[in-house]
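Student: Line by line, the protein sequences give chains A and B.
In terms of my numbering, the first sequence opens at residue 1 and continues consecutively.
In terms of my numbering, the second sequence opens at residue 1 and continues consecutively.
Some hints could be false.
The list makes no distinction among identical chains, and a pair is therefore deemed to hold if it is satisfied within one copy or across any two copies.
[Stated by the list, open to error] With a Cα cut of at most 30 Å, we get these calculated DSSO-like pairs of lysine-lysine:
no., residue 1, residue 2
1, Lys-279, Lys-306
2, Lys-176, Lys-407
3, Lys-200, Lys-455
4, Lys-295, Lys-21
5, Lys-279, Lys-168
6, Lys-340, Lys-88
7, Lys-29, Lys-444
Hints listed in this document are in silico derivations from the structure and should not be mistaken for laboratory results.
As the structure is a computational prediction, the values presented were derived from the model and not from experiment.
Number of protein chains: 2
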Amino acid sequence: MSEKKSGPKLTSMKLENADSKAKLKEKRKAEAEKQSARLGLLQRKCKEAGIPVLITFDGYDAAGKGLQINRLIQALDPRGFDVYTGDKQGEEELMHPFLWQFAIKTPANGRIVIFDTSWYRKVQLDRFDGKTSDKEAERAFYDILAFEKQLTDSGMVLIKMFLDISEKEQKKRFEKLEKSSGTSWRVSKADWKRNEHYDKYRKMNQEMIYKTNTQNAPWIIVDSTDKSAAGLAIMTAVADAMERALTLKAAGPRKEILEDAEPADRYKEGPVTRSDLTKSYDRDEYRKRLDALQKRLEYLHSQLYKLRIPVVLGFEGWDAAGKGGAIRRLTSHLDPRGYKVCPTASPNDVERVHHYMWRFWNNFPKDGHIAIFDRTWYGRVMVERLEGFCSEADWRRAYQEINDVEKHLTDSGAVVIKFWINIDKDEQERRFKDRMQNPDKQWKITDEDWRNREKWDLYEVAVNEMIEKTSTKHAPWVVVEGNSKYYARVKVLQTVVDAIEKKIAEVEKEQ
Amino acid sequence: MSEKKSGPKLTSMKLENADSKAKLKEKRKAEAEKQSARLGLLQRKCKEAGIPVLITFDGYDAAGKGLQINRLIQALDPRGFDVYTGDKQGEEELMHPFLWQFAIKTPANGRIVIFDTSWYRKVQLDRFDGKTSDKEAERAFYDILAFEKQLTDSGMVLIKMFLDISEKEQKKRFEKLEKSSGTSWRVSKADWKRNEHYDKYRKMNQEMIYKTNTQNAPWIIVDSTDKSAAGLAIMTAVADAMERALTLKAAGPRKEILEDAEPADRYKEGPVTRSDLTKSYDRDEYRKRLDALQKRLEYLHSQLYKLRIPVVLGFEGWDAAGKGGAIRRLTSHLDPRGYKVCPTASPNDVERVHHYMWRFWNNFPKDGHIAIFDRTWYGRVMVERLEGFCSEADWRRAYQEINDVEKHLTDSGAVVIKFWINIDKDEQERRFKDRMQNPDKQWKITDEDWRNREKWDLYEVAVNEMIEKTSTKHAPWVVVEGNSKYYARVKVLQTVVDAIEKKIAEVEKEQ
Numbered sequence: 001m002s003e004k005k006s007g008p009k010l011t012s013m014k015l016e017n018a019d020s021k022a023k024l025k026e027k028r029k030a031e032a033e034k035q036s037a038r039l040g041l042l043q044r045k046c047k048e049a050g051i052p053v054l055i056t057f058d059g060y061d062a063a064g065k066g067l068q069i070n071r072l073i074q075a076l077d078p079r080g081f082d083v084y085t086g087d088k089q090g091e092e093e094l095m096h097p098f099l100w101q102f103a104i105k106t107p108a109n110g111r112i113v114i115f116d117t118s119w120y121r122k123v124q125l126d127r128f129d130g131k132t133s134d135k136e137a138e139r140a141f142y143d144i145l146a147f148e149k150q151l152t153d154s155g156m157v158l159i160k161m162f163l164d165i166s167e168k169e170q171k172k173r174f175e176k177l178e179k180s181s182g183t184s185w186r187v188s189k190a191d192w193k194r195n196e197h198y199d200k201y202r203k204m205n206q207e208m209i210y211k212t213n214t215q216n217a218p219w220i221i222v223d224s225t226d227k228s229a230a231g232l233a234i235m236t237a238v239a240d241a242m243e244r245a246l247t248l249k250a251a252g253p254r255k256e257i258l259e260d261a262e263p264a265d266r267y268k269e270g271p272v273t274r275s276d277l278t279k280s281y282d283r284d285e286y287r288k289r290l291d292a293l294q295k296r297l298e299y300l301h302s303q304l305y306k307l308r309i310p311v312v313l314g315f316e317g318w319d320a321a322g323k324g325g326a327i328r329r330l331t332s333h334l335d336p337r338g339y340k341v342c343p344t345a346s347p348n349d350v351e352r353v354h355h356y357m358w359r360f361w362n363n364f365p366k367d368g369h370i371a372i373f374d375r376t377w378y379g380r381v382m383v384e385r386l387e388g389f390c391s392e393a394d395w396r397r398a399y400q401e402i403n404d405v406e407k408h409l410t411d412s413g414a415v416v417i418k419f420w421i422n423i424d425k426d427e428q429e430r431r432f433k434d435r436m437q438n439p440d441k442q443w444k445i446t447d448e449d450w451r452n453r454e455k456w457d458l459y460e461v462a463v464n465e466m467i468e469k470t471s472t473k474h475a476p477w478v479v480v481e482g483n484s485k486y487y488a489r490v491k492v493l494q495t496v497v498d499a500i501e502k503k504i505a506e507v508e509k510e511q
Numbered sequence: 001m002s003e004k005k006s007g008p009k010l011t012s013m014k015l016e017n018a019d020s021k022a023k024l025k026e027k028r029k030a031e032a033e034k035q036s037a038r039l040g041l042l043q044r045k046c047k048e049a050g051i052p053v054l055i056t057f058d059g060y061d062a063a064g065k066g067l068q069i070n071r072l073i074q075a076l077d078p079r080g081f082d083v084y085t086g087d088k089q090g091e092e093e094l095m096h097p098f099l100w101q102f103a104i105k106t107p108a109n110g111r112i113v114i115f116d117t118s119w120y121r122k123v124q125l126d127r128f129d130g131k132t133s134d135k136e137a138e139r140a141f142y143d144i145l146a147f148e149k150q151l152t153d154s155g156m157v158l159i160k161m162f163l164d165i166s167e168k169e170q171k172k173r174f175e176k177l178e179k180s181s182g183t184s185w186r187v188s189k190a191d192w193k194r195n196e197h198y199d200k201y202r203k204m205n206q207e208m209i210y211k212t213n214t215q216n217a218p219w220i221i222v223d224s225t226d227k228s229a230a231g232l233a234i235m236t237a238v239a240d241a242m243e244r245a246l247t248l249k250a251a252g253p254r255k256e257i258l259e260d261a262e263p264a265d266r267y268k269e270g271p272v273t274r275s276d277l278t279k280s281y282d283r284d285e286y287r288k289r290l291d292a293l294q295k296r297l298e299y300l301h302s303q304l305y306k307l308r309i310p311v312v313l314g315f316e317g318w319d320a321a322g323k324g325g326a327i328r329r330l331t332s333h334l335d336p337r338g339y340k341v342c343p344t345a346s347p348n349d350v351e352r353v354h355h356y357m358w359r360f361w362n363n364f365p366k367d368g369h370i371a372i373f374d375r376t377w378y379g380r381v382m383v384e385r386l387e388g389f390c391s392e393a394d395w396r397r398a399y400q401e402i403n404d405v406e407k408h409l410t411d412s413g414a415v416v417i418k419f420w421i422n423i424d425k426d427e428q429e430r431r432f433k434d435r436m437q438n439p440d441k442q443w444k445i446t447d448e449d450w451r452n453r454e455k456w457d458l459y460e461v462a463v464n465e466m467i468e469k470t471s472t473k474h475a476p477w478v479v480v481e482g483n484s485k486y487y488a489r490v491k492v493l494q495t496v497v498d499a500i501e502k503k504i505a506e507v508e509k510e511q
């Protein structure tokens, strides 16, 4: 990016002074061997420390991403890393929000993931090629910043490489590739077009780097004209970042400045406390409404599919509130190819070593499908908060993180609704006792349910705070009065039907 | 399938005698409720017993697969099952062997998986539509039988539903679907074509059922004219199969009749014992050959990609034999987007509750890509055999199972090679000691390595047997003389280059 560069530039300064080309080459080789050994060691240390490392490669076509990634991984133990390409834009990728294909591949603790082309393609390649409008790019910048912040806030090391070459150098490389029959297919018309409009493309790239060069995830701009110098710069930058992360981790937990504490009883009262649990339907009313709504939803489901609208429904609520029953009534007339119920239990050992949103990313629906979550990512600000499974800073940060992820979903066209199925403490006791007495239901009740019940008041405060902080216009919370199961089931169905009808009307209007 | 049926027919006989339509309906409803409660209970019992259950739905278009699957899952706890469609034929699916998309989704122990359209599409829909030739169908029948046997031998319950309707009934249903604007898009030209050639299609289906109706995985043919009778039949059949599996499991491990034991010292001598470890190269010879081979492989890699040939390379060998070093030399000039090194460690808790091949299925390469396995599925007949992690029947069965899977890969166009990197006991001792003395290498050596070394002779017998039983024409074992690391690396590269060149020549000839 020569003079006009807007990010830091990496060169191996101390080598530049070498007095001859041969000597320079020799020095570089020795230095590369040193950095390679250092990387191997740091990889093992990061593994021990459970630090996840994410390295992205973007930049100009023919800048040598493939070559450089291969050099980098030669220094690494293959048991500890994965390489993925973000270039892949198959059906699965295109039918999900653009961050999805990356979010589900973020590294577990102690592992390294390398993306050959990252989420930046959305605001770089795709933007230049006209697949991303300026308005979409603005939204994408916001989504990217929020996404990167979530990753680094969770302790992930994020290293973003931008491989830079000049217009002339690029042209030279394209021509060389085209000359050989083994490589000519690698140069596409789109590649040439970007070379022809290099200045315009460069401006776009500069804007991108300017807008996304953050403290937590700075860009590393690598002059890639000289391949071995670039390789050395990359290895050094990765090793430096890993070393820094290890030092920070060894220094102990970050002392975060938390937001001003609100008054202690701020959430004693809230949406849950205020819900009117006397609402009910009798059996006839229930049957009539349920039948009509189920038939309506069946029809709407096929419309969703045709219009490729994804739907995310989250269910939370007190134990025995009737989440399962409500979900069954919701799904009983749906085509199973078009919906999925995703139950959330304690994380297994693969899920436990990933970012807490990772397992939900893995279940977000593709366009035209419904995903129903029986318990959700809100566990972060309920059970994880109250049982101390995460730090105070972690759950306090989570409100914004969750809002950002849900915004990313709705921005990409999804309907997102969260239900809190509410009952009172007496009703819960009645249902617990009923379960204990009924042999067919005994398996549904455990000692843990009784233990959780003792923390009712603490949970009520957490739930009130959660609903107030994460009920947004795009992804609202709906508190469902659940003492009457009939009423609750109908209200859930009605809410879903209304929201889908509204969305369909919007989409049809746009078309 | 009326008179000409070649499989068992399911009807709810005891209900047929009911004296009136209303009474029949009522009886059926009561029976359905009973079966539903039974299913819920059996699901919990199978979960406790760790029994995986796989249910497939195939049959005639518009026979009501979606509806019936949805009815079935209403009776199940959503925390315990997944529904997948085998109709999906996106890029990922088409670039893998046809069993792949199903193999990676087989249930973990204690879970239920339902396929809406299974692997049978290859010999049913795709065959009728002309996408599967008769020759391919023959091969596919073999692959299907081998695949199903592996699953059921491992203790999986496999329930295959064939939903049957008559030509007239199908026509009626198509017409009804076409009348409504909400459902007309569901009926395709291909659907109508299959209806018009119903007799031909029926013959094809009968052949399929005849050829794949096995004891371990019998077909259940469900007359689907009456939806509620069919639903009841399906629920009953699933519950029956689960109950049978529970009874069998409770009866204790199966007393399998093992193949006639071979003489005790049959594998004391074998390919490994015979390998000539004096072979070596000096540094100059090594450098020269290595450079040439690496460049050649780089070129061949791009040809593989263009011709969409997948390559599977398995590496096994004594500890410290030099697998890692050989792999690094193999990959150092390759484009990282086109290859993947898959290290195999002890299974994690997700892998442990799946079929032992499952985690390897997940890593088999798509067309045009290279997958390199650092240790492989042969762990089943080495470490699992010798450490008692599986039963004798399990590992004895594995030779054939592995041959079948590798045949499936090569039949679908893959190059498959397995390397045994061989060193002698003295050389291993030298390398272990070297690792202990070198601070940079100490992490590579553990007490377990020394413990494994004590079992050298037992391993040698197992390795000899393994190589003799699984070195096939389509997927050969190559014993690599490894006392000289230089020699070993060159031989690996040379073998890979030769095999790929041969394959490319074959493919080009076919085109």
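Student: Since the copies are identical, ignore which copy is meant and state whether Lys-29 and Lys-444 lie within 30 Å (CA to CA) inside a copy, between copies, both or neither.
Tutor: So Lys-29 and Lys-444 pass the 30 Å test across copies only (25 Å; inside, 65 Å).
Student: How would you classify Lys-295 and Lys-21 at a CA-CA limit of 30 Å: within, between, both, or neither?
Tutor: Between. Shortest inter-copy distance 25 Å satisfies the 30 Å Cα cut-off; intra-copy 78 Å does not.
Student: Is it within a copy, between copies, both, or neither that the alpha carbon of Lys-200 lies no farther than 30 Å from that of Lys-455?
Tutor: Neither: 60 Å inside a chain and 66 Å across chains, both beyond 30 Å.
Student: How do Lys-279 and Lys-168 come out at 30 Å by Cα distance, when the copy is not named: within, between, both, or neither?
Tutor: Neither: 73 Å inside a copy, 50 Å across copies.
Student: Check Lys-279 against Lys-306 for me: Cα-Cα at most 30 Å, and say if that holds within a copy, between copies, both or neither.
Tutor: neither (36 Å within a copy, 65 Å between copies)
Student: Please work out whether the CA atoms of Lys-340 and Lys-88 approach to 30 Å or closer within one copy, between two copies, in both situations, or in neither?
Tutor: Both: 25 Å inside a chain and 16 Å across chains, each within 30 Å.
Student: Could you place Lys-176 and Lys-407 in one of the four classes (within, between, both, neither) given a Cα distance threshold of 30 Å?
Tutor: neither (45 Å within a copy, 40 Å between copies)
Hints 1, 2, 3 and 5, counting from the list given before, are not met by this structure.
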